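What follows is each chain in one-letter form.
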Amino acid sequence: MTSLTPQNAQLDHVDDHDEDHGSEHPDHRMFGLATFLVADAMTFAGFFAAYLTFKAVNPLMPGAIYELELPLPTLNTILLLVSSATFHRAGVNLRKQQNERCRLWLMLTAMLGLAFLASQMVEYFTLPFGLADNLYASTFYALTGFHGLHVTLGTLMILIVWWQCRTPSGRISANNHFPLEAAELYWHFVDGIWVILFVILYLI
Amino acid sequence: MTITAPQKTAPALPPLQPTGWLRYLSFSVDHKVIGLQYLICGFAFYLIGGAMAGAIRTELLSPVSDFMARDVYNQILTLHGTVMIFLWIVPVVNGAFGNYLIPFYVGARDMAYPRLNAVAFWLIPPAGLMLISSYFITGAAQSGWTAYPPLSITTPATGQIIWILSVLLLGGSSIFGGINFIATILKLRRPGLKLMQLPMYCWAMLGTSILVVLSTPVLAGTLIMLSFDIVAHTGFFNPGMGGNVVVYQHLFWFYSHPAVYIMVLPAFGLVSEILPVHCRKPLFGYTTMVYSIMAIVVLGLVVWAHHMFTSGTPPWMRLFFTIATAFIAVPTGIKFFNWLATLWGGRISLNSAVLFSCGFIVNFVLGGITGVALAQVPFDVHVHDTYFVVAHFHYIVYGGSVFVIFASIYHWYPKIIGRMLDEHLGRLHFLLTFIGFNLCFAPQHWLGLNGMPRRVAEYDPQFELVNQISSAGALLMAISTLPFLWNVIASAFYGAIAGDNPWRALTPEWLTSSPPPVENWKGDPPLVTHPYGYGTPGDEIDLNSASGSDLWRSGQ
Amino acid sequence: MLLVLGGLWIGQNINLLPVDASANAPIYDELFRVLFSIGTILFIGIVGLILFSLVRFRRRPGELGDGLAMEGNLPLEVFWTAVPAIVVLFVGLYSYDIYERMGGMVPLGHGNHGSETVADQRVWGGIGSTQDSQTATTTGIPPLPIEVTAMQFAFLFHYPDGDFISGEMHVPVDRPVSLRMEAKDVIHAFWIPEFRLKQDVIPGQPTVLDFTPTRTGTYSIVCAELCGPYHGGMRSSVVVDSTDDFDTWLQSNRKLPVAEA
Ligand code: HEA
Ligand code: HEA
Ligand code: CUA
Ligand SMILES: [Cu+2]
Numbered sequence: 001m002t003s004l005t006p007q008n009a010q011l012d013h014v015d016d017h018d019e020d021h022g023s024e025h026p027d028h029r030m031f032g033l034a035t036f037l038v039a040d041a042m043t044f045a046g047f048f049a050a051y052l053t054f055k056a057v058n059p060l061m062p063g064a065i066y067e068l069e070l071p072l073p074t075l076n077t078i079l080l081l082v083s084s085a086t087f088h089r090a091g092v093n094l095r096k097q098q099n100e101r102c103r104l105w106l107m108l109t110a111m112l113g114l115a116f117l118a119s120q121m122v123e124y125f126t127l128p129f130g131l132a133d134n135l136y137a138s139t140f141y142a143l144t145g146f147h148g149l150h151v152t153l154g155t156l157m158i159l160i161v162w163w164q165c166r167t168p169s170g171r172i173s174a175n176n177h178f179p180l181e182a183a184e185l186y187w188h189f190v191d192g193i194w195v196i197l198f199v200i201l202y203l204i
Numbered sequence: 001m002t003i004t005a006p007q008k009t010a011p012a013l014p015p016l017q018p019t020g021w022l023r024y025l026s027f028s029v030d031h032k033v034i035g036l037q038y039l040i041c042g043f044a045f046y047l048i049g050g051a052m053a054g055a056i057r058t059e060l061l062s063p064v065s066d067f068m069a070r071d072v073y074n075q076i077l078t079l080h081g082t083v084m085i086f087l088w089i090v091p092v093v094n095g096a097f098g099n100y101l102i103p104f105y106v107g108a109r110d111m112a113y114p115r116l117n118a119v120a121f122w123l124i125p126p127a128g129l130m131l132i133s134s135y136f137i138t139g140a141a142q143s144g145w146t147a148y149p150p151l152s153i154t155t156p157a158t159g160q161i162i163w164i165l166s167v168l169l170l171g172g173s174s175i176f177g178g179i180n181f182i183a184t185i186l187k188l189r190r191p192g193l194k195l196m197q198l199p200m201y202c203w204a205m206l207g208t209s210i211l212v213v214l215s216t217p218v219l220a221g222t223l224i225m226l227s228f229d230i231v232a233h234t235g236f237f238n239p240g241m242g243g244n245v246v247v248y249q250h251l252f253w254f255y256s257h258p259a260v261y262i263m264v265l266p267a268f269g270l271v272s273e274i275l276p277v278h279c280r281k282p283l284f285g286y287t288t289m290v291y292s293i294m295a296i297v298v299l300g301l302v303v304w305a306h307h308m309f310t311s312g313t314p315p316w317m318r319l320f321f322t323i324a325t326a327f328i329a330v331p332t333g334i335k336f337f338n339w340l341a342t343l344w345g346g347r348i349s350l351n352s353a354v355l356f357s358c359g360f361i362v363n364f365v366l367g368g369i370t371g372v373a374l375a376q377v378p379f380d381v382h383v384h385d386t387y388f389v390v391a392h393f394h395y396i397v398y399g400g401s402v403f404v405i406f407a408s409i410y411h412w413y414p415k416i417i418g419r420m421l422d423e424h425l426g427r428l429h430f431l432l433t434f435i436g437f438n439l440c441f442a443p444q445h446w447l448g449l450n451g452m453p454r455r456v457a458e459y460d461p462q463f464e465l466v467n468q469i470s471s472a473g474a475l476l477m478a479i480s481t482l483p484f485l486w487n488v489i490a491s492a493f494y495g496a497i498a499g500d501n502p503w504r505a506l507t508p509e510w511l512t513s514s515p516p517p518v519e520n521w522k523g524d525p526p527l528v529t530h531p532y533g534y535g536t537p538g539d540e541i542d543l544n545s546a547s548g549s550d551l552w553r554s555g556q
Numbered sequence: 001m002l003l004v005l006g007g008l009w010i011g012q013n014i015n016l017l018p019v020d021a022s023a024n025a026p027i028y029d030e031l032f033r034v035l036f037s038i039g040t041i042l043f044i045g046i047v048g049l050i051l052f053s054l055v056r057f058r059r060r061p062g063e064l065g066d067g068l069a070m071e072g073n074l075p076l077e078v079f080w081t082a083v084p085a086i087v088v089l090f091v092g093l094y095s096y097d098i099y100e101r102m103g104g105m106v107p108l109g110h111g112n113h114g115s116e117t118v119a120d121q122r123v124w125g126g127i128g129s130t131q132d133s134q135t136a137t138t139t140g141i142p143p144l145p146i147e148v149t150a151m152q153f154a155f156l157f158h159y160p161d162g163d164f165i166s167g168e169m170h171v172p173v174d175r176p177v178s179l180r181m182e183a184k185d186v187i188h189a190f191w192i193p194e195f196r197l198k199q200d201v202i203p204g205q206p207t208v209l210d211f212t213p214t215r216t217g218t219y220s221i222v223c224a225e226l227c228g229p230y231h232g233g234m235r236s237s238v239v240v241d242s243t244d245d246f247d248t249w250l251q252s253n254r255k256l257p258v259a260e261a
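As they're listed, the protein sequences go chains A, B and C. Take the first sequence: its letter number 189 is residue 189 in the working numbering, and every next letter is one higher. Take the second sequence: its letter number 281 is residue 281 in the working numbering, and every next letter is one higher. Take the third sequence: its letter number 34 is residue 34 in the working numbering, and every next letter is one higher.
Extracted from the complex, chain A is given alone in its bound form (with noise of 0.2 Å):
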């Protein structure tokens, strides 16, 4: 019944344990990640999808006020999109091994969210409604203030992996540049977010 044949014994087992069990691969990990974000963008994708129903069949309550200036959000969509090639850099600097010029991008790329950050409190409190005036507003800030957790999250990925790769033996390096990757897909992803976030909340 079971014929047992030693042709394949050439192959190695895919899980190979040198010494670490449990740990994943890097590529796997990367792999875990864009699905994780596959997932998060399904979220939004939700948050959108009322947004644009509501628009369709909700008229706005008498009375109510929802007015958005454009000149804040289009100077964070372009904070936004800058940070995204500054983070590209850093990582291309760090496979160089050159550990200094990726920590001043990677610096460079958390004031950027840091700043996006702060224009993002300014337009809260410059904004003529609150969280419960009306939908539109409800749904303004539930979006934005989603996207806001990803970003602060994003900026303290950030800080914590120019911490990381101080010297170039530290725990990020040119051999172990998966943290920073990982970090820049996510921030990556964030940034296109925001672009889509940009467009249908603010342009349409």
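Hints were generated in silico from the structure; no laboratory data involved. Note that this is a predicted model, so its numbers are computed, not measured. Honestly, I wouldn't trust all of these hints.
Reference excerpt, derived from the structure (chain B facing chain C, CB under 8 Å, subset only) [as the list claims (entries may be wrong)]:
id, residue
1, Leu-151
2, Phe-337
3, Arg-455
4, Leu-465
Note that beta-carbon positions come from the ideal geometry of N, C-alpha and C, so glycine has one too.
The hints should help you fit chains B and C with the ligands onto chain A, whose structure is shown.
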């Protein structure tokens, strides 16, 4: 005959985990331990949810509300639905069997992310306990497992918020699990093992996990919005503030319809593993099975509004969703006919695992047929939110998924424990469950057609007799749990020693010792290219090139 | 063959439904009989196959061999993909036809209520009325408008004709009725089993429901959407009167502006 096992033995490794029973209470990262943790934890919640069903059926013995207060009835009903779905079926058909079997099937020593896996499991007990405890602390949520606003906004807030929190945790657990399964199946396959050579359960879990990853986050977002409405007085779903209650229903069902396939696709996969072994026949139509799973995944994402035919949706929408929903019967039907063909001409061993699998087919077909009827708008307009719907989905979730869980326990118990279960008790269990189940839920179709709405503690006296019959069936189901529990516990100590492969099965999990060693294989994992290669003499096929589809293209 | 005939017979002859008392109930029952026949044929066929396989192909004691190594059969697979596809397509089209005859496909929100409809307020879903607008123009009987308010835990019926509110619904037999429904607090659902009609009553979004009662008698109105602790007790009744009785009832109520709450 198509298995190639390397002869080389790896050097003895230090054990990775604590051994002994204590590891089941630990933050173990061994997929087999985690699988059992899911199973046992889920079963405990099944008993709790079943006790609640018992309370529901007791209340419904008489047409007046006498056994418990009306709001308590609503709490019990909400908890019953939530516990059964989120703490029993979903964790068990996905988490328990998925974790136990998938690494074997792909030829790996563990899941792709063992620690994430452990985290996913350990989210469940606290979430479940929190949910149950809300009943004792402040009173549980009482707006049904669907939590439609504005009712969920106006009922006592604490219970509802706890409900939201625990469902969020359980959803998170399910997403983490889904990511893990996708990565394990796609990335951790043993070199040389092709996708189309995987056992069917892998495909089922791949499809399920895609659904989990795509739809659960939407539920999370929706529940966050709902909790804002409750806590921060926003107006998403509050008509008093211009909100739209129907949007909630769309978002909710965008998750919860796929959720029903999350509950049943893995069960389909498990049946596909069990039947070939006990029929001594290859799984019929492997390729079409794979395509139909994927078709169910795709269609499953676009049929959600069939739960909302009476909620004020525009006519075109109802038409679209009727057609889309009814079409799910086609890929599902393919799977059923393939199973029938697998039975046909086999050497069927009539053991408990097969009986439960066949019970599943019978029950699910009935539930599926009532489902297709429900998909027809004009039909649904009459029976929506009645006991007809309750009958439909219990035929599917209980008659389908729960029957498969029992079948799987009978099938894999020797693998997990190393001892056989008692067949006589198993058959008694099947008989009691099958009779009790049909006695309980078949009459409910009639109740629904004749005017009994669901979620009521008091009803029109003309329905009293039929409700009592139904409750008697529920009692029989409760009794049927006893031989099962006795069997499972006693056999662990006194059961006949199973040996490594009591069923003479060809799927990879049987090609190691029972119970398996910590890293699954003493040597290298075997390469199993024909998990269902029953009935073919080993020397007749070219081991290096043949695959299942080659065989059947060449004319059986 | 026998199976098909048996299924058809069962479908046509076993009646699981309550009496029909509205114009669309017989249409509904027709659909039900078709679905029931198809379902019976399928179900009995599959159960028969399973039982046959289990008995015929059961493993005899001591038997250890394997079954036939058939891994698939393309024509068979095509066959059982095509048959269900045709069946569901047929059922889908048929039920579409039924739905159209029940008035479900009427675009909503266009003045079902004549002068009653507030122009800028959108009407959400429900079952409109082909029959009525046709009968209304051909027979000249305008539909009877009733405004339904649902709240925890009762239905209120406002008759614009006499401008009074009643706790029980009275309708004349054989005359189209046009309901406009709105909820005060949470979602309820308006269901009359004998009419085979159900429509959610949603706060903030009015819905409509049109029907023509055909059989005099008293039927219950059931709330079918969970709406709180007393959801099970939220019932009312509809009295289908002969035209004369209805007129008397309408007259008697018109005198007292607020009647039987
Ligand atoms: C595991 C869970 C599960 C599964 C798999 C299904 C499967 C299906 N369900 Fe069900 N359903 C639920 C769980 C499930 N359901 C739950 C929990 C609810 C209630 C939620 C609530 O309100 O609380 C519900 C409610 C529900 C409704 C809403 C009813 C209402 O509230 O008014 C509808 C309507 O269309 C529906 C339809 C279907 C259909 C068409 C299928 C199909 O997938 C079935 C397909 C299978 C078959 C058809 C059988 C096999 C096929 C053949 C043998 C081929 C030949 C067949 C034909 C040609 C017909 N379901
Ligand atoms: C998903 C899985 C699932 C499962 C397995 C079940 C199992 C059962 N369900 Fe459940 N049910 C739902 C999911 C499920 N249900 C959902 C989603 C709803 C809708 C909720 C809503 O409307 O929001 C529902 C609603 C629902 C209703 C409708 C209530 C109403 O609308 O008013 C009824 C009524 O009969 C019912 C009955 C039962 C019964 C008798 C069982 C039986 O099969 C249970 C059998 C099991 C046992 C009997 C356990 C045996 C053990 C013991 C008794 C030992 C006691 C243990 C201790 C004391 C620790 N269920
Ligand atoms: Cu009103 Cu239920
Ligand atoms: Cu569904």
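Evaluated hints:
1. The beta carbon of Leu-151 of chain B comes within 4 Å of a beta carbon in chain C, closer than 8 Å, and the hint placing it at the interface holds.
2. Because the closest C-beta pair between Phe-337 of chain B and chain C is about 4 Å apart, less than 8 Å, the hint holds.
3. With 8 Å as the threshold, the beta carbon of Arg-455 of chain B comes within range of chain C, its nearest partner Cβ sitting at about 4 Å, so the hint holds.
4. The interface hint given for Leu-465 of chain B is broken, as the beta carbon of that residue sits about 15 Å from the closest beta carbon of chain C, more than 8 Å.
When each numbered hint is compared with the structure, a violation occurs for hint 4 only.
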